[in-house]
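Assemble the complex: chain A is given as a structure, and chain B must be docked to it using the hints.
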Amino acid sequence: MKTRYILFTLALIALLALAACAAPTAAPQPTAAPAQPTAAPAQPTAAPPPAAKVFRVAVVMPSAANDLAFSQSMIDALTKIQAEMGKDKFEFVYSENMFNVTDAATAIRDYATKGYDLVLGHGSQYGASIQDIAPDFPNTAFAWGTAVDTFKEKGVNNVFAYTVASDQGGYVEGVMGVKLSKSKILGALGPIPAGDGQLTIKGFEAGALATDPNAKVQTTFTNSFSDVALMSQAAQTQIASGADVLTGTSQSVVGAVSVAKDKGVLWFGNQSDQASLAPDIVVASQVYDWTVALKWMMEKINGGTRGGEVFIATFANKGLVMVYNPAFKLPDDVKALAEKTIAGLADGSIQTGIK
Amino acid sequence: MLEQLFAPAVIIGILASGIQLATPYLYAAVGEMFSQISGVLNLGVEGVMLMGAFIAYYAVLRTDNLLLGLALAALTGALMGLMTAVISVTLKAEQGISGIGIYLFGLGLSDLLFLVLVGTPKAIVGFPELDLPVLSGLPALGPILFSQNILVYFAFACVPLAWFILNKTTLGLKVRAVGQTPEAADSLGISVARVRYIAVIVAGTMAGIAGASLSIGLLNIFQQNLTSGLGFIAVALVYFGGWRPFRVMLGALLFSMVNALQLWIQTLGIALPSDIAGMLPYILTIIALIFAARQIVTQPTALTKPFERGE
Chain A
1 MKTRYILFTL
11 ALIALLALAA
21 CAAPTAAPQP
31 TAAPAQPTAA
41 PAQPTAAPPP
51 AAKVFRVAVV
61 MPSAANDLAF
71 SQSMIDALTK
81 IQAEMGKDKF
91 EFVYSENMFN
101 VTDAATAIRD
111 YATKGYDLVL
121 GHGSQYGASI
131 QDIAPDFPNT
141 AFAWGTAVDT
151 FKEKGVNNVF
161 AYTVASDQGG
171 YVEGVMGVKL
181 SKSKILGALG
191 PIPAGDGQLT
201 IKGFEAGALA
211 TDPNAKVQTT
221 FTNSFSDVAL
231 MSQAAQTQIA
241 SGADVLTGTS
251 QSVVGAVSVA
261 KDKGVLWFGN
271 QSDQASLAPD
281 IVVASQVYDW
291 TVALKWMMEK
301 INGGTRGGEV
311 FIATFANKGL
321 VMVYNPAFKL
331 PDDVKALAEK
341 TIAGLADGSI
351 QTGIK
Chain B
1 MLEQLFAPAV
11 IIGILASGIQ
21 LATPYLYAAV
31 GEMFSQISGV
41 LNLGVEGVML
51 MGAFIAYYAV
61 LRTDNLLLGL
71 ALAALTGALM
81 GLMTAVISVT
91 LKAEQGISGI
101 GIYLFGLGLS
111 DLLFLVLVGT
121 PKAIVGFPEL
131 DLPVLSGLPA
141 LGPILFSQNI
151 LVYFAFACVP
161 LAWFILNKTT
171 LGLKVRAVGQ
181 TPEAADSLGI
191 SVARVRYIAV
201 IVAGTMAGIA
211 GASLSIGLLN
221 IFQQNLTSGL
231 GFIAVALVYF
241 GGWRPFRVML
251 GALLFSMVNA
261 LQLWIQTLGI
271 ALPSDIAGML
281 PYILTIIALI
291 FAARQIVTQP
301 TALTKPFERG
311 E
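Protein chains in written order, with my numbering: chain A, 1 to 355; chain B, 1 to 311.
Chain A with its partners taken away, still in its complex shape (with noise of 0.2 Å):
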């Protein structure tokens, strides 16, 4: 009995390392896939003109849709092109909370098979998936993201990446970031030292020491997507050492702006505009405005080609854009600055130094 005792309690430890650290939501999720409600507009009346062509987007994404985050800026992109072009025009379906790949790869495939115009893979996990289910439909067009390999070397043809120099918004944010800062300590919270989320931490980090070079960063990664708690207790300690200026990445950082907004410490907002959790202490929120991208490969296949090229998204091209919060008051001198850095991020004369 003691025996079975230890062994199932280590085996339930295990089971919660794995869990703590990849994917809690790895278990099937009820409200997990369903198709967009309003995604497919039953065609009223006559033929429609041969233009009015519908282009059909599907997403698998792996958090929530409104995740106030990185499933969130595709979602909020997809919407506003459909607004923009019109539901007879561009349809969009998506499944939500694909933490496992597994289950994501069964999707996407799916989604091919439909006969799609455009499958997006929304997250870097998907990769190998892609990889492996493009050659098979070679009609349809394919991206993930954030990613910068189209796997055009090994013969598929099919695939576009796409993703964001986050460093940029990262630089300029860590720039207001040090002016506003009174112990010029500032802290960056992630989930992984990986993808966009490092690149923004490492760009936030670039920008504060070029602004004010006896500044400090102070960075930490909870090596979850989701957990809250963690996330929440990452800010509390950064605040206790000093910073008093925070920035983060991840759908994890909701219980962090909590923390910022009851602590009166400033926030940066990343991937989504953040202003609406704490109107209060979020400054600004760098956003990545995907409908650049979208626009680009639509563009791209409609004129035949269907992948091996890389898009990435910067304060040039407009697929990355600051948003400040307007209830924030903004020192006109370090919005100016902030300005002027985006600006020179844009034409090349400032260089993140981050690859």
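None of these hints come from the bench; they were simulated from the model. Backbone N, C-alpha and C fix where the C-beta goes; we use that ideal spot for every residue, glycine too.
Label pairs and their computed distance ranges (CB to CB): (1) B:G96 x A:M85: 48 to 56 Å; (2) A:G86 x B:G96: 48 to 56 Å; (3) B:G189 x A:D110: 56 to 64 Å; (4) B:G96 x A:R109: 32 to 40 Å; (5) B:I12 x A:G155: 55 to 63 Å; (6) A:D110 x B:I100: 21 to 29 Å; (7) A:D110 x B:L117: 26 to 34 Å; (8) A:G264 x B:I100: 41 to 49 Å; (9) A:T79 x B:L79: 33 to 41 Å; (10) A:K182 x B:L173: 54 to 62 Å; (11) B:L141 x A:P279: 31 to 39 Å; (12) A:A343 x B:L272: 35 to 43 Å; (13) B:I11 x A:K263: 15 to 23 Å.
Structure of chain B alone, referenced to chain A:
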């Protein structure tokens, strides 16, 4: 570099973070302990916590009434506890599997309700920090121990209370009896089913409060899968603590403090890869478990065994 960790401000920070992180574990684990001592393994804690967290959050979002939020979370927990009891005690279902079912139910339903009723995460104003008179003024330790929100104090108060109920009251005796030798308890006229129902409902209520301690106590927000595995760690802590309230508390504190420690290691810029730091709490818990396992373990003999009255 390492000596930075022993600066008073850092030690105070670790203790303060550890105490806060331990709070949801304490509610959930103390409740789970009652259930297990009565012989019912309740693996659904995580799902109950998620429902409690959502209901409390939603009530506060709509009414700004923190006590109402807390009460509704407790009630939701109690109802899910009742559901667990029906499945495990009356229907005698396999407890591990049905517990996972309860977890998935709570995960899915809280997710769906959040999506339909709220949409995107919105911050709320949760329980404020409460300075205990005199005590919070104590040098150094005062602000750590006695300047927390009220749910933190209650969580720690639950520990001696649980010890008292289990060891000094008739109810506690009955709970232990039905978990050790249900046949004997039955022959003495104790209703095994009724006692187990009570224990499992207590566990559900506590898990509901554990969820509320996150959403309206510590984080002041709700998001899909807010608990992110905390409920399962609480179940493990009950084993870790050998079904004894104070040892469960010790386990919760150990795990939380090491988690707080790893955050400090990173914040101070000590050169240790973040994934190694992140593994620390789990590694240390496993090591502690191995040592704990050497001691006499008083696992409830009837744990996971449905009671069938012999004729």
